[in-house]
Amino acid sequence: MKVEQISIFIENKSGRLAEVARVLGEKGVNIRALSLADTSDFGILRLLVDNTDVAQKTLKENGFTVNKTEVVAVEVPDDPGGLFNILQVLDEAEVNVEYMYAFVERNAGNAVIIFRFDEVDNAIAVLNGKGVSILSGEKLYSL
Amino acid sequence: MIWNDEFETLPREALESLQTKRLQQVAERVYATVPFYKQQFDKAGVKPEKIKSLDDLRRLPFTLKQDMRDNYPYGLFAKPLDQIVRIHASSGTTGKPTVVGYTKRDIDNWTELMARSFTAAGANRGDILHNAYGYGLFTGGLGAHYGAEKIGASVIPMSGGNTKKQLMIMQDFGSTVLTCTPSYSLYLAEAAAEEGLDIRKFKLRIGILGAEPWSEKLRNEIEEKVGIKAIDIYGLSEILGPGVGIECIEAQSGLHIWEDHFIPEIIDPISGESLPDGEQGELVITTITKEGIPMIRYRTRDITRIIAEPCICGRTHRRLERMCGRSDDMLIIRGVNVYPSQIESVLMDIEGVEPHYMLIVDREGTLDTLEVQVEVNEQTFSDEIKVLQGLSRRIEKEIKDLLGISCRIRLVEPKTIARSEGKAQRVIDNRPKE
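Going down the list, the sequences are from chains A and B.
Note that the first sequence covers residues 1 to 143 in the numbering used here.
Note that the second sequence covers residues 1001 to 1434 in the numbering used here.
Treat the hints as calculated values from the structure; they're not laboratory data.
Each hint should be verified, as a subset may be incorrect.
Simulated DEER-style distance windows between Cβ atoms [what the hints assert, rightly or not]:
no. : chain 1 : residue 1 : chain 2 : residue 2 : range
1   : A       : 18        : B       : 1197      : 31 to 39 Å
2   : A       : 18        : B       : 1270      : 47 to 55 Å
3   : B       : 1429      : A       : 62        : 29 to 37 Å
4   : A       : 83        : B       : 1335      : 52 to 60 Å
5   : B       : 1086      : A       : 40        : 53 to 61 Å
6   : A       : 122       : B       : 1223      : 36 to 44 Å
We put the CB at the ideal spot given by N, CA and C, even for glycine.
Isolated chain A, as found in the complex:
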């Protein structure tokens, strides 16, 4: 169960991030989660949105370089040690995490952790094997 994420190349220039937000806002695309990785020259903005296709198309039309990637959304109880349990599972199975970010669900009291893996299918198999709750795209976008 993979979730589609879009990534956007952003030059380290004032106003670029705002431009992404403006373009998506005007198209009625809602951002569910985001993470920004930055270097001195550029950043990569990763977004989970409620409508990936519209977001990708709109951003492209506005001159942005956009990629779609598959990530895995894992739900854990929002308690101390919640993250550790998941990471331990992955570590024991020698699954490498490229990057991750997290947010907290509004009502259910759970945390959602977004993982980008090199070997996505293998990672999902490992998580499933340990009974970890993986969210589908539909579920995630509608949270």
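Given chain A, work out where chain B should sit, using these hints.
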């Protein structure tokens, strides 16, 4: 196909004896009619009658672009203005433009050389020739126009700019041959894609591209993206305009220079010494038929070498290797000579990297710095920082391997580097002027 069999395949010996005769004539003519040349010859201590062979050419002094500026506008003309039927001028980005004048016979010769060039490039009657070189003071538009009419092609005098209209005309009129700068041909392909058009599906089959230095890699890219055979044409207004040299479609390797009208030499740009065929240096051209404004040993600033080996197309006129840059464009960065075309060739070698780049040269303290701006596109973009940094490092390393200087790569958003509709601007030099 060869336009003028007799002259284009003249045996070397006959060609050289024709050159010698014409050289003697032009030397006498300029000595008698242009005070500047008389003064220069006298200063060098050489009389026109001393020119007995082609080797004696070396005894004549060079002519520089600055000499044209110093004699602005008509000082170097060898004919009175009542015999001049056309005047062109260079863009003159620094100071006054350089001005050239053509007699009726000069225009006829130019037309003949452009007809030879177009024919060598594979164009012929029946072609619809889309001429996107600028019409006006720039020689490109009219020079190509006359030659194209001469071969019987249907010329569309588009001139530069207005890219959307260019695409519409190209598609609707069924243009088969495109003449413009190499960078503009790529821009047209990009602009077409933005309009939802695939330029490769147009009827274009040949591009005759010049007026700026370009690399073999860029040629491959143009051939693929525009869907044409890309032929290199060489010229400069001081000598003639377009049509001084052309690649033949048979070999696409080196530009034949029309030696019954020009004598090419290669010199060391620093010492001014003549270099043998095959060695790289600055191209120097003497015009031996031009009447309006003959040029004696004009330093073109273009860097190339002469290929003396016979060509498979059967023409006996020697070839110039694709221009590697201009000695004017040459940047000296930390003491190393750098041509923008060298950096271009590195970029084009890397899969997916755009041919649009900008070099920013600056100085920090006493040290020169070079920043290369490269556009990220969907092919090179990744959602992982390490992949993009790997790309930067790879470009840095390959530039260092080739040129021996380190630089900084800045990845920029797509289409943020200005596209040119004429000559591409590749360098911004922010170093304080001495």
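Status of the hints after comparison with the structure:
1. A/18 with B/1197: 31 to 39 Å: The hint (31 to 39 Å, Cβ to Cβ) holds, given that residue 18 of chain A and residue 1197 of chain B are roughly 33 Å apart.
2. A/18 with B/1270: 47 to 55 Å: holds, 52 Å
3. B/1429 with A/62: 29 to 37 Å: holds, 32 Å
4. A/83 with B/1335: 52 to 60 Å: The hint (52 to 60 Å, Cβ to Cβ) holds, given that residue 83 of chain A and residue 1335 of chain B are roughly 54 Å apart.
5. B/1086 with A/40: 53 to 61 Å: holds, 54 Å
6. A/122 with B/1223: 36 to 44 Å: holds, 42 Å
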